[in-house]
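Participant: Below, each chain spelled out in residue letters.
There are 2 protein chains.
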Amino acid sequence: MNDNLFDSSDSNRHAHDLRHLQTARFDEPFDLERGGRLPSVTIAYETYGRLSPQRDNAVLICHALSGDSHVARHDEDDDPGWWDIMVGPGKPIDTDRFFVVCPNILGGCRGTTGPNCTNPATGRPFGAEFPAITVGDLVRAQLLLIDHLGIGRLLAVLGGSLGGHMTLDFARRYPDRTAGAVALATSARITSQALAFDVVGRNAILRDPSYHDGQYYDKPEGPRVGLALARMLAHITYLSREAMMRKFGADRLAPRDIQTDFETQFSVGSYLAYQGDRFGQRFDANSYVALTAAIDLFNLGNSPAELAEALRGASCRWLLISFSSDWLFPKFQSRDLVDALIADDKPVSYCNVESSCGHDAFLLPNDLDSYGELVRAFLANLHAPPDDEKQDTDDGPYGSITSPKSIFHHQHRIDYDSIVELIPPAASVLDLGCGTGGLLSRLRRRGHRHTMGLERDEQAIVACVRRGLDVVQADLNEGLDAFTAKQFDFVVLSQTLQTVIDVCRVLDEMLRVGHRAIVSFPNLGYEPYRRELADAGRAPHADDVEGYHWYDTPNVRFLTIADFETFCEEKKIQVHKRIALNTRTQQPVDVDPNRNANLAILVLSR
Amino acid sequence: MNDNLFDSSDSNRHAHDLRHLQTARFDEPFDLERGGRLPSVTIAYETYGRLSPQRDNAVLICHALSGDSHVARHDEDDDPGWWDIMVGPGKPIDTDRFFVVCPNILGGCRGTTGPNCTNPATGRPFGAEFPAITVGDLVRAQLLLIDHLGIGRLLAVLGGSLGGHMTLDFARRYPDRTAGAVALATSARITSQALAFDVVGRNAILRDPSYHDGQYYDKPEGPRVGLALARMLAHITYLSREAMMRKFGADRLAPRDIQTDFETQFSVGSYLAYQGDRFGQRFDANSYVALTAAIDLFNLGNSPAELAEALRGASCRWLLISFSSDWLFPKFQSRDLVDALIADDKPVSYCNVESSCGHDAFLLPNDLDSYGELVRAFLANLHAPPDDEKQDTDDGPYGSITSPKSIFHHQHRIDYDSIVELIPPAASVLDLGCGTGGLLSRLRRRGHRHTMGLERDEQAIVACVRRGLDVVQADLNEGLDAFTAKQFDFVVLSQTLQTVIDVCRVLDEMLRVGHRAIVSFPNLGYEPYRRELADAGRAPHADDVEGYHWYDTPNVRFLTIADFETFCEEKKIQVHKRIALNTRTQQPVDVDPNRNANLAILVLSR
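Sequence order for the protein chains is A and B.
Quick note on the working numbering: the first sequence kicks off at 188 and runs consecutively.
Quick note on the working numbering: the second sequence kicks off at 188 and runs consecutively.
Calculated from the structure, these hints are not laboratory results.
Be careful, since some hints might not be right.
What the hints assert, rightly or not - Think about it this way: if two alpha-carbon atoms lie no more than 25 Å apart in a straight line, the pair counts; the simulated DSS-like pairs of lysine-lysine are:
1) B:Lys518 x A:Lys434
2) A:Lys518 x B:Lys518
3) B:Lys406 x B:Lys518
4) A:Lys533 x A:Lys673
5) B:Lys764 x A:Lys518
6) A:Lys533 x A:Lys518
7) B:Lys673 x B:Lys764
8) A:Lys434 x A:Lys518
What the hints assert, rightly or not - Label-pair ranges, simulated between beta-carbon atoms:
9) B:Arg469 x A:Gln446: 57 to 63 Å
10) B:Pro491 x A:Ser502: 42 to 48 Å
11) A:Arg718 x B:Glu665: 35 to 41 Å
Values in this document were obtained by computation on a predicted structure and should not be read as measured data.
By construction, the Cβ of each residue, glycine as well, lies at the ideal position given by its N, Cα and C atoms.
Start from the sequences, fold in the hints, and give me the full structure.
Facilitator: Pasting the structure below:
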């Protein structure tokens, strides 16, 4: 069992740890968004790596609810950090390249001004009198520090969960102050379900008789029971059902032997009791109340329109990552954010990483190969964009890195040649099923600025981000709701039509979103295929990809050029141009293409 | 907002309500499974409808954690019951036909012996000294009442959630005492996640200073805060995320005006506060602790083998229902139960009802058309099996009631004729993709006893249950893990092969589970189809179902008889017999079937 989830550091921090803790004090009054005012603000923080002479390599990491500034070890003697897997020399957030800044957040209890600090007006801790704070206030405090450090523009701001909220807010609030934003496992606002859990947790603290209206600091005991209950509850929401089953399914009635006054009949109960007790020792209940309230109030918009408006000012590049088993910050919330960015033509990449680790996934090594590599690639491209002259290799017919041998036999992709020729220079292009980004890379080399890809496969998305492309994970069958009418000059569906179940919807959407649509597909009418059925009585199986059979091909739609043209006629789709190719001869086909071509490319509009 | 969720009755019950409350007192000591003993047991219960002279129409309803005996109104003047939508004259559990018995459960606080009753040994309420109880104890108490009422064999036992646990346990414990069992939204044991929520709820009660070690009955205040916290938390788990979004998403910061000491900043908070406070007024904290502990300890087995063993004794017919958005008792748990029953050849039907209402779905009218009709049909068939001589109509090629016009043009299904002829009388048959049960009905009329269908479509499943067939919802692409090797004499895949993505897996599984497999599919090699491609250059589109095109056909696999025979050869599948049909002429085809037949039926084994 991983007892360190969200519990990266103990209240009795070691000397090693504190050795690197720096503080910055700001003596100006700090006005808060909900009307309160702090007479001054102190920010405790840690830094890693070196700020470059150009001051262009700073990465701001925003920690989550119960995290702190100790994001990683500073050296081998140091205590573990909460994100050692991500931050350090050679790690995805490479401290050999980047100057990493991680401040403790406002309202917390780790050195930055919060409820456990002395209120100069009364001489005792703020306690529950600490004024109401918002995520915006947390972010405004971060900026104080960034100014203090003399950093004009961050390379990136980055965080998960509440840290993701701060990331979103920083990027939209200070568009000139960061080149990139990476938000993991987060949302424009939390779900009503997540909010409800927070409410129960706060009620457990506030109704604990030992809460003493928040002035428990000089009492023999504070609201440890209430805080522990809140923590136990929250802890459940950080884990996936599957992860809990793995941890506690087999030995349900084998509690660990711990000292606690909480119920320990079940193994999961003893685990929660341990987590709850331990959290009570290291975290301040007033901070918990103040910070969860800030999370619950965070709201970038109730509707797609409001959300798009909230993000309008942002001018950075974006990377958003969700995790498939995260039910506290479910995928659709990241998609809402992505959709709002897409609707406003912002450069964004997104992946819903397949994971069994729940909300905790972004803190755990299990899925690091996906989310860590995405972050690494994104930051690398922000810092030093890829060499545009580098010759990228083309990819298979499905655009997937997992594609087997294709009808192109690793030859030059003459279909890409044709498609690129059909697109005027500088046109904006959306590539549906972009795979590892072969076509988009060609277009970028040709000078196209505004391009984007949609792709289903996680590893293909990682490959695209490595290439510095904007790619969003999507299932084409679900439509293109995020995109506005005529948002792109061209929408391309290259060798993907035949794998789509809902053909009508995908084509309708392409024609809505693009001024022009370009569709390419294998032609079942190709003479050898006809012969295969007519003479041999066999389903044409070499229709597009070698190595597949009728029973295992990814293709689920079979059509001829004539079928498609009839379809266009019936659906009132205009065909502007048709290119027929024979990939065996690598030649265009002019005579009887429905018989002589094995690949068709059409330019369409409605 | 539905404030009545799980809150079907108030503690100050009306006179109408109590008018119908009956009690039975059992003065014998009642030994409990965990070692305790109750000196006597009193059971409070209500009944509806009339017991038939043959005493064969009794239905036992087991209520959930916070329900009670008042399952429905007794008359128009009566207070609402917690399941009025299901129980009453003409309702799915039709009190014009059935004699319904609903007892309050042991350990509860509604008249049946529980912690709030006087302990004769001390003269004060049992309180926390109430001995530990199990679901088995609850069920054994139910049996006392059934005996008392002179009912030898129930028509059915039925319940959801904890009521489902009791249903499962009753049916396996007393195989001779019920003909049917209907378990909704339940499991063989709760998930570790659900158990964890229970633990937090109990800790909130037990650590409330007003709990007074469970002897709070004579105190000015009991653990109302702790009980309210437990209830708030549990209430969240009864709702789906989507339902909460609907209820609270729009007006997040518009709390209702209620009197409470709990936080009311958010609308969901005021709702939870109201639910928590109200529950504290009507429910006993000791009952909550005792009953949730019983739920958490309930465990029919950790492994499929243990579970199958636990259910081995049961001899009734089964209906299990889960709900797609129920994350507290997720679908896979019902499937585990179904799989255990299947592995032991027990008659079972199952449907995962598509619902947005979470665990509460079985108490709400939203999805009544599905789950209510399933229960109605199942009970009706238990009581009066369908007239076997009644001429059922055949169904479409996909076996779905939603199928469009088919190549059979509503003609007699000659393919069914052939399939039935291939199966010896009395053989056991599993029909994959059974649709509305046309083939299975034919087999039943022919005298086959052991038949079962798998089907994906919810409404088709309802239709099968109406016909009295055993049908389990399943996606064939996920395999047939529940079935043992050679479990059926014949496994049939009728006109479904071409809609399956994972052809190899489905065929492998058929050949594993059946002594023989029968596969039928449309033949792409049929001469008119060949001509369509070869001469007209069109994808053969009339290959199976009229009204579809290449872009919208449910078919995703295209094959000829020759292709399939090659496949069998390569995969070392033995072909025992091949029947080729021409459904246009309604004749079998003997000459060059790959050219002259549009439908093939093969008998296979490995």
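Participant: Run every hint past the structure and note whether it holds.
Facilitator: Evaluation of the provided hints:
no. : hint                            : result
1   : B:Lys518 x A:Lys434             : 20 Å, holds
2   : A:Lys518 x B:Lys518             : 20 Å, holds
3   : B:Lys406 x B:Lys518             : 43 Å, violated
4   : A:Lys533 x A:Lys673             : 16 Å, holds
5   : B:Lys764 x A:Lys518             : 50 Å, violated
6   : A:Lys533 x A:Lys518             : 20 Å, holds
7   : B:Lys673 x B:Lys764             : 19 Å, holds
8   : A:Lys434 x A:Lys518             : 24 Å, holds
9   : B:Arg469 x A:Gln446: 57 to 63 Å : 36 Å, violated
10  : B:Pro491 x A:Ser502: 42 to 48 Å : 56 Å, violated
11  : A:Arg718 x B:Glu665: 35 to 41 Å : 38 Å, holds
Checked against the numbered hints given earlier, this structure breaks hints 3, 5, 9 and 10; the rest are met.
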